[in-house]
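Enquirer: I would like the entire structure built from these sequences, with the hints used as guidance.
Those protein sequences? They're chains Z and U, same order as listed.
Each residue of the first sequence is one higher than the last, beginning at 1 in the working numbering.
Each residue of the second sequence is one higher than the last, beginning at 410 in the working numbering.
Any given hint could be a false lead.
[Said to hold, decoys possible] Under 10 Å between C-beta atoms, here's a sample of chain U residues computed to sit facing chain Z:
| id | residue |
| --- | --- |
| 1 | Met-410 |
| 2 | Leu-414 |
| 3 | Leu-416 |
| 4 | Phe-417 |
| 5 | Leu-421 |
| 6 | Phe-521 |
| 7 | Leu-522 |
| 8 | Tyr-525 |
| 9 | Pro-656 |
| 10 | Gly-674 |
| 11 | Tyr-675 |
| 12 | Val-676 |
| 13 | Ser-677 |
| 14 | Leu-693 |
Don't read these hints as lab results, they were simulated from the structure.
Glycine included, C-beta positions come from ideal geometry on N, C-alpha and C.
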Amino acid sequence: MRVAEELKKSALVSIWFMFLTFPIMVIRVNTIYNTVEWRWLNMALVGGGSFFLSMLWRFMIRRKERGKKKAEIKDGVQLTLIQRLMQNRRVTLSGIVLAAIFAMIYPFVFSMYQTSIMITALIYVMCGLGLNIVIGLAGLLDLGYVAFYAVGAYSYALLNYHFGISFWMALPVGAALGFMFGVLLGFPVLRLRGDYLAIVTLGFGEIIRLVLENWNEFSHGPSGIANIPRPSFFGYDLSLQQVTIWIYFIMIGLVIFTIFVVGRLQNSRLGRAWVALREDEIACQAMGIDKTRTKLSAFALGATWAGMAGVMFAAKTTFINPASFTIWESVIILCVVVLGGMGSIVGVILGAMVLILLPEYLRAFSEYRMLLFGAVLVLMMVFRPGGIITNVRRTYRFKGKATTDGSSA
Amino acid sequence: MDYFLELFLGGLTRGSIYALIALGYTMVYGIIELINFAHGEIYMIGAFTALIVAGVLTLMGWNEIAILVIASIVAVIYSSAYGFTIEKIAYKPIRKAPRLSALISAIGMSMFLQNYVLLAQTSDFLPFPSLIPQFEFLEPYAHIIRPSELVIYTVTASVMVALTIMIKFTSIGKAMRATSQDKTMAALVGIDVDRVISVTFIVGSATAAIGGVLIASHIGQINFYIGFIAGIKAFVAAVLGGIGSIPGAVLGALVLGWTESFFTGYVSSDYEDVFAFVFLVFILIFRPAGILGRSEAEKV
Numbered sequence: 001m002r003v004a005e006e007l008k009k010s011a012l013v014s015i016w017f018m019f020l021t022f023p024i025m026v027i028r029v030n031t032i033y034n035t036v037e038w039r040w041l042n043m044a045l046v047g048g049g050s051f052f053l054s055m056l057w058r059f060m061i062r063r064k065e066r067g068k069k070k071a072e073i074k075d076g077v078q079l080t081l082i083q084r085l086m087q088n089r090r091v092t093l094s095g096i097v098l099a100a101i102f103a104m105i106y107p108f109v110f111s112m113y114q115t116s117i118m119i120t121a122l123i124y125v126m127c128g129l130g131l132n133i134v135i136g137l138a139g140l141l142d143l144g145y146v147a148f149y150a151v152g153a154y155s156y157a158l159l160n161y162h163f164g165i166s167f168w169m170a171l172p173v174g175a176a177l178g179f180m181f182g183v184l185l186g187f188p189v190l191r192l193r194g195d196y197l198a199i200v201t202l203g204f205g206e207i208i209r210l211v212l213e214n215w216n217e218f219s220h221g222p223s224g225i226a227n228i229p230r231p232s233f234f235g236y237d238l239s240l241q242q243v244t245i246w247i248y249f250i251m252i253g254l255v256i257f258t259i260f261v262v263g264r265l266q267n268s269r270l271g272r273a274w275v276a277l278r279e280d281e282i283a284c285q286a287m288g289i290d291k292t293r294t295k296l297s298a299f300a301l302g303a304t305w306a307g308m309a310g311v312m313f314a315a316k317t318t319f320i321n322p323a324s325f326t327i328w329e330s331v332i333i334l335c336v337v338v339l340g341g342m343g344s345i346v347g348v349i350l351g352a353m354v355l356i357l358l359p360e361y362l363r364a365f366s367e368y369r370m371l372l373f374g375a376v377l378v379l380m381m382v383f384r385p386g387g388i389i390t391n392v393r394r395t396y397r398f399k400g401k402a403t404t405d406g407s408s409a
Numbered sequence: 410m411d412y413f414l415e416l417f418l419g420g421l422t423r424g425s426i427y428a429l430i431a432l433g434y435t436m437v438y439g440i441i442e443l444i445n446f447a448h449g450e451i452y453m454i455g456a457f458t459a460l461i462v463a464g465v466l467t468l469m470g471w472n473e474i475a476i477l478v479i480a481s482i483v484a485v486i487y488s489s490a491y492g493f494t495i496e497k498i499a500y501k502p503i504r505k506a507p508r509l510s511a512l513i514s515a516i517g518m519s520m521f522l523q524n525y526v527l528l529a530q531t532s533d534f535l536p537f538p539s540l541i542p543q544f545e546f547l548e549p550y551a552h553i554i555r556p557s558e559l560v561i562y563t564v565t566a567s568v569m570v571a572l573t574i575m576i577k578f579t580s581i582g583k584a585m586r587a588t589s590q591d592k593t594m595a596a597l598v599g600i601d602v603d604r605v606i607s608v609t610f611i612v613g614s615a616t617a618a619i620g621g622v623l624i625a626s627h628i629g630q631i632n633f634y635i636g637f638i639a640g641i642k643a644f645v646a647a648v649l650g651g652i653g654s655i656p657g658a659v660l661g662a663l664v665l666g667w668t669e670s671f672f673t674g675y676v677s678s679d680y681e682d683v684f685a686f687v688f689l690v691f692i693l694i695f696r697p698a699g700i701l702g703r704s705e706a707e708k709v
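Expert: As structure tokens, this is what we get:
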């Protein structure tokens with residue numbers, strides 16, 4: 001009986017979607033030759049696909065609800081396998097050692113092309129960890145994050161173009177400029193509520209991109225800046241392959257530095273203030289946390305990392321133009337953070353690896369990359385808002401005496 | 410003087426289109442307090458559907474007026490269906506989750522729909538047939554106003570009136586107002602809140618589709634990206650007028666349309682989009698409640 005009902009429901013959903021996607025998926029009008037192309041195969045695909053997906057959807061929703069009930073009955077935190085493993089010191093340690101060995105030998109084992117993809121992924125890890133401070137810890141939705149990335153990239157490119165500043169000088173300068181812009185842009189907007197903040201930051205991101213595109217004397221306009229030097233290696237001349245490996249190791253170093261700083265920040269006084277602010281602003285203010293300063297510090301620190309990553313990006317690609325810094329770049333970084341797990345460092349690293357490396361290796365899907373990213377954002381929010389690796393809150397548990405009141409844990 | 414008049418009417422055209430889109434934002438925000446990022450995409454889908462239907466019917470040799478009517482009706486139906494479905498997939502399951510989740514889900518939906526149209530259709534600009542006939546009585550004023558503009562003004566005005574009547578006098582309008590004030594209380598007095606939310610999405614999407622068809626036949630070309638910028642600007646308009654308020658959305662849209670039109674006409678057209686964003690930032694900083702909105706004390 002249940003089965004028949006399920007099938008009926010899915011069939012209805014499938015018909016609905018076939019109707020919904022009919023004009024856009026099936027018909028294509030060619031206005032130049034005045035022909036109409038009917039793609040009935042697409043309709044069949046949509047019908048079949050939505051039939052199974054709707055079943056899966058309802059199954060997942062039911063599972064999620066059951067999970068919620070279970071958590072309520074059993075009280076306290078339910079840890080998944082990964083989370084339990086992560087709390088085990090020996091497992092973590094061996095994991096870190098393995099990752100370190102893998103990172104060390106990677107550029108020597110794999111080709112230059114793959115190393116170069118890995119560098120891109122590492123840049124996203126860095127951006128993701130920076131954005132993680134803003135979104136994951138402080139709970140501020142920043143859709144203009146890529147603006148700071150652009151600030152970093154352009155600061156290196158322009159300073160080098162006009163004054164011949166080297167990469168190593170530009171890295172701290174990019175970070176400092178990122179920080180400055182973070183404070184500058186953050187100051188007026190941080191008083192706003194969450195959803196307004198999202199739109200305003202999006203607006204700032206677009207303003208910076210449009211200014212870069214239109215202000216030809218300053219930024220060379222849409223044609224961008226070429227011939228940005230790669231980082232030097234103590235004055236030696238390196239071949240392209242060597243320089244790629246060198247950039248790779250610089251990136252590894254920067255990522256480790258980022259992980260270290262973010263990890264320390266997370267459990268500092270400031271980090272706890274961020275998390276508390278995310279949960280309840282009013283309670284925080286009552287506890288004496290300076291709302292504006294705390295939010296501003298999250299915003300500016302996030303921007304600092306974007307600035308550094310921007311310098312790296314310019315040094316890696318040796319060519320930048322405003323087209324690399326659209327709002328969708330911000331959304332991809334957001335996707336990295338959301339997929340991995342807001343607030344969790346391991347999660348963000350994993351998220352960046354999955355989202356940046358998978359489309360590179362599954363070339364067939366690269367067209368569908370942005371489509372899938374959009375779907376990932378929706379699905380993660382519906383089914384697993386904590387991300388792949390949900391951050392575990394530090395909790396104190398009472399041992400010994402059995403408490404009857406479950407909610408106090 | 411003619412130049413001024415041209416800019417004024419151009420601004421009115423822009424403003425009318427922004428108003429049609431802004432209505433959806435403001436209605437949805439009024440009821441579930443969510444910025445529906447995918448709303449601009451619904452407008453884009455409306456325009457695309459109209460283009461496809463018009464293309465097929467033109468090839469079948471139908472007459473112009475019939476094409477215009479049928480294409481618009483189909484566009485409205487489809488956009489409403491999309492609006493309804495989006496709500497069921499991306500917003501309903503997380504209605505009780507934190508605000509941040511719904512926003513991220515909305516952005517994901519917007520990105521998904523853009524790329525869906527990009528992949529299923531094309532990334533190029535498509536020429537949109539000018540469906541609106543020439544009016545003879547407008548001939549002498551052809552240098553200032555085009556027939557499509559006149560159609561835009563009349564349609565927008567009638568949609569506004571219809572919507573106001575619906576919200577003020579019908580029972581579903583009353584239910585909407587009740588739900589936007591207090592969802593729990595509305596449910597307690599027997600209002601089907603889920604249904605009200607669905608209707609809101611459907612009505613908002615329908616007005617956006619009308620805007621999409623009108624602007625597409627006015628400008629004459631569309632691509633998959635038109636929804637994004639239009640959506641953001643309509644949002645600016647909604648905030649400017651005071652989000653949640655319907656007359657506010659219209660007023661905000663007109664103000665934005667005129668300021669933009671005069672800015673590009675007299676100052677610079679390079680920074681047209683920058684201008685809208687700067688405008689938004691200033692409103693949000695100095696008068697976050699908007700022109701007609703009332704500033705509410707935050708409840709603890």
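Enquirer: Confirm or reject each hint.
Expert: Structure-based check of each hint:
no.: 1; hint: Met-410; result: violated (30 Å)
no.: 2; hint: Leu-414; result: violated (28 Å)
no.: 3; hint: Leu-416; result: violated (21 Å)
no.: 4; hint: Phe-417; result: violated (26 Å)
no.: 5; hint: Leu-421; result: violated (24 Å)
no.: 6; hint: Phe-521; result: holds (3 Å)
no.: 7; hint: Leu-522; result: holds (8 Å)
no.: 8; hint: Tyr-525; result: holds (6 Å)
no.: 9; hint: Pro-656; result: violated (21 Å)
no.: 10; hint: Gly-674; result: violated (18 Å)
no.: 11; hint: Tyr-675; result: violated (18 Å)
no.: 12; hint: Val-676; result: violated (13 Å)
no.: 13; hint: Ser-677; result: holds (9 Å)
no.: 14; hint: Leu-693; result: holds (5 Å)
Hints 1, 2, 3, 4, 5, 9, 10, 11, 12 from the list above are not met by this structure, while the remaining hints are.
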